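Q: Build the full structure now, drawing on both the sequences and the hints.
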Amino acid sequence: MPDVESVPLAQLTTLRTGGAPARLIEARSADELVATLREVWAEGEPWFVLGGGSNLFVGDEPFEGTVVRIRTSGIEELPGSHEGTVRLRVQAGHDWDALVAETVARGFAGIEAMSGIPGTVGAAPVQNVGAYGQEIVQTLVEVELLDATTGEVSTVSASDLGLGFRTSVLKHHYGSEPERPGVIVSVTLELERVGAERRPIAGDQLRGALGLEPGQAVSLRWIREHVLATRARKGMVLDAEDPDTWSAGSFFQNAIVSEAFARTLPAECPKWPLTPVLDPVTIIPLAAFDGILPPPPVVSRQVKVSAAWLIENAGLSRGFRFPRSRAGLSTKHTLALTNRGEATAAEIAELARFVQSRVQAEFGLLLQPEPVLVNVEL
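Just so we're on the same page, this note's numbering is the position in the sequence shown counted from 1, plus 79.
Treat the hints with caution; some may be incorrect.
Quick list of simulated restraints, FRET-style, between CB atoms [as the list claims (entries may be wrong)]:
(1) Leu457 <-> Ser396: 20 to 28 angstroms
(2) Pro260 <-> Pro364: 21 to 29 angstroms
(3) Lys313 <-> Gly123: 37 to 45 angstroms
(4) Gly163 <-> Glu456: 46 to 54 angstroms
Here are the simulated EDC-like pairs of lysine to aspartate or glutamate, each with C-alpha atoms no more than 16 angstroms apart in a straight line [as the list claims (entries may be wrong)]:
(5) Lys411 <-> Asp318
(6) Lys383 <-> Glu347
(7) Lys350 <-> Glu338
(8) Lys383 <-> Asp321
(9) Lys411 <-> Glu391
(10) Lys411 <-> Glu338
(11) Lys411 <-> Asp321
In short, the hints are calculated from the structure, not lab data.
As the structure is a computational prediction, the values presented were derived from the model and not from experiment.
We put the beta carbon where it would ideally sit given N, CA and C, even for glycine.
A: Following this line, the structure appears as structure tokens:
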């Protein structure tokens with residue numbers, strides 16, 4: 080197997096924490112990836128795969144196991160399911176933003192609003208990445224999945240991945256194991272052929288973020304440039320010179336709560352219903368109508384709540400950190416926990432626990448971490 084010299088994972092993760100693994104392997108082709116993982120699994124040692132390292136929070140102690148770093152790349156263009164579409168099969172280790180840039184250059188629409196998201200293509204379906212109203216679930220067709228239980232590679236439809244808000248059956252949530260353990264080998268997307276011309280943009284969220292009026296026409300390149308600029312202002316585009324980007328992106332997930340609980344939060348707290356509110360329709364046969372309408376059914380809906388608003392309104396401002404700590408909230412927005420320079424995982428975990436405790440004390444809600452935690456607890 081293609082072993083390489085082991086280095087601290089602080090050098091390979093965007094949060095810049097993590098001790099060295101006992102063994103580090105780089106897989107540069109799909110066949111190499113599959114063979115490597117099968118052998119690692121047969122040995123029975125602890126393991127995890129590493130892509131861009133942008134959604135990991137790794138502990139300070141050495142990892143007593145094997146880390147498989149996915150370095151595959153490549154884009155294969157395939158016919159779309161109908162006229163005006165195209166499919167792209169992309170290797171799991173391909174850089175996500177490089178893929179977005181390529182699709183924009185080719186005039187393929189569907190993922191341009193996700194420009195600037197760090198990480199690799201294979202990680203994107205695991206947490207159903209999204210930004211400004213676009214999510215990968217909208218364009219994902221299927222993945223090639225190496226099953227960690229059987230060691231077999233199969234093609235799995237997007238509909239079988241349980242894609243939801245920043246989740247899937249493949250995701251390792253804090254405190255639980257994936258419903259379907261496995262490693263993505265390749266991803267197939269279906270995009271729309273629109274070319275370089277300007278066109279009206281659907282979606283209130285994207286138009287609002289970019290300051291577009293309804294019906295205003297812009298090109299894919301215009302969208303990409305403005306999304307990158309917007310993310311850069313928030314410290315969400317990697318920059319070796321900017322400590323605000325030394326993070327795992329949004330450290331806490333926007334909370335998903337019941338409609339009843341959402342009503343207990345302040346009215347000014349941003350909330351987004353996850354299902355549309357529709358007027359119920361009741362059909363009663365005329366012969367059975369006695370002049371009395373039955374009460375409408377009680378529908379339990381889920382609501383997404385802004386974690387950034389909760390943090391700020393729990394009294395934690397941008398740039399907050401403990402005295403002498405090298406970990407702090409981003410100076411640009413409160414949702415990112417940042418490494419201000421050689422912070423330990425213990426320092427970042429201390430800050431994360433404090434944020435959780437303040438929000439819980441103020442609003443009765445325990446925020447959940449979004450990154451995968453390895454060798455570290457909150």
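Q: Does each hint fit the structure? Answer for all of them.
A: Quick rundown of the hints versus the structure:
Between Leu457 and Ser396, the C-beta spacing of about 21 angstroms keeps the proposed range 20 to 28 angstroms intact. A hinted range of 21 to 29 angstroms is violated for the C-beta pair Pro260 and Pro364, which are about 51 angstroms apart. About 43 angstroms separates the C-beta atoms of Lys313 and Gly123, a value consistent with the hinted range of 37 to 45 angstroms. The hinted window of 46 to 54 angstroms between Gly163 and Glu456 holds, with their beta carbons roughly 49 angstroms apart.
A threshold of 16 angstroms between alpha carbons decides the hint, and for Lys411 with Asp318 the separation of about 14 angstroms falls inside it, so the pair holds. Restraint check for Lys383 and Glu347: the C-alpha separation of about 14 angstroms stays at or below 16 angstroms, so the hint holds. The hinted pair formed by Lys350 and Glu338 meets the criterion: a straight-line CA distance of about 10 angstroms does not exceed 16 angstroms. With a CA separation close to 30 angstroms, the supplied pair Lys383 and Asp321 exceeds the 16 angstroms bound.
For a cut-off of 16 angstroms, the pair hint linking Lys411 to Glu391 stands: about 12 angstroms separates their Cα positions. For a cut-off of 16 angstroms, the pair hint linking Lys411 to Glu338 is broken: about 30 angstroms separates their Cα positions. Taking the CA atoms of Lys411 and Asp321, the gap is near 11 angstroms; set against the 16 angstroms cutoff, the hint holds.
Of the numbered hints given earlier, the model fails hints 2, 8, 10; all others are met.
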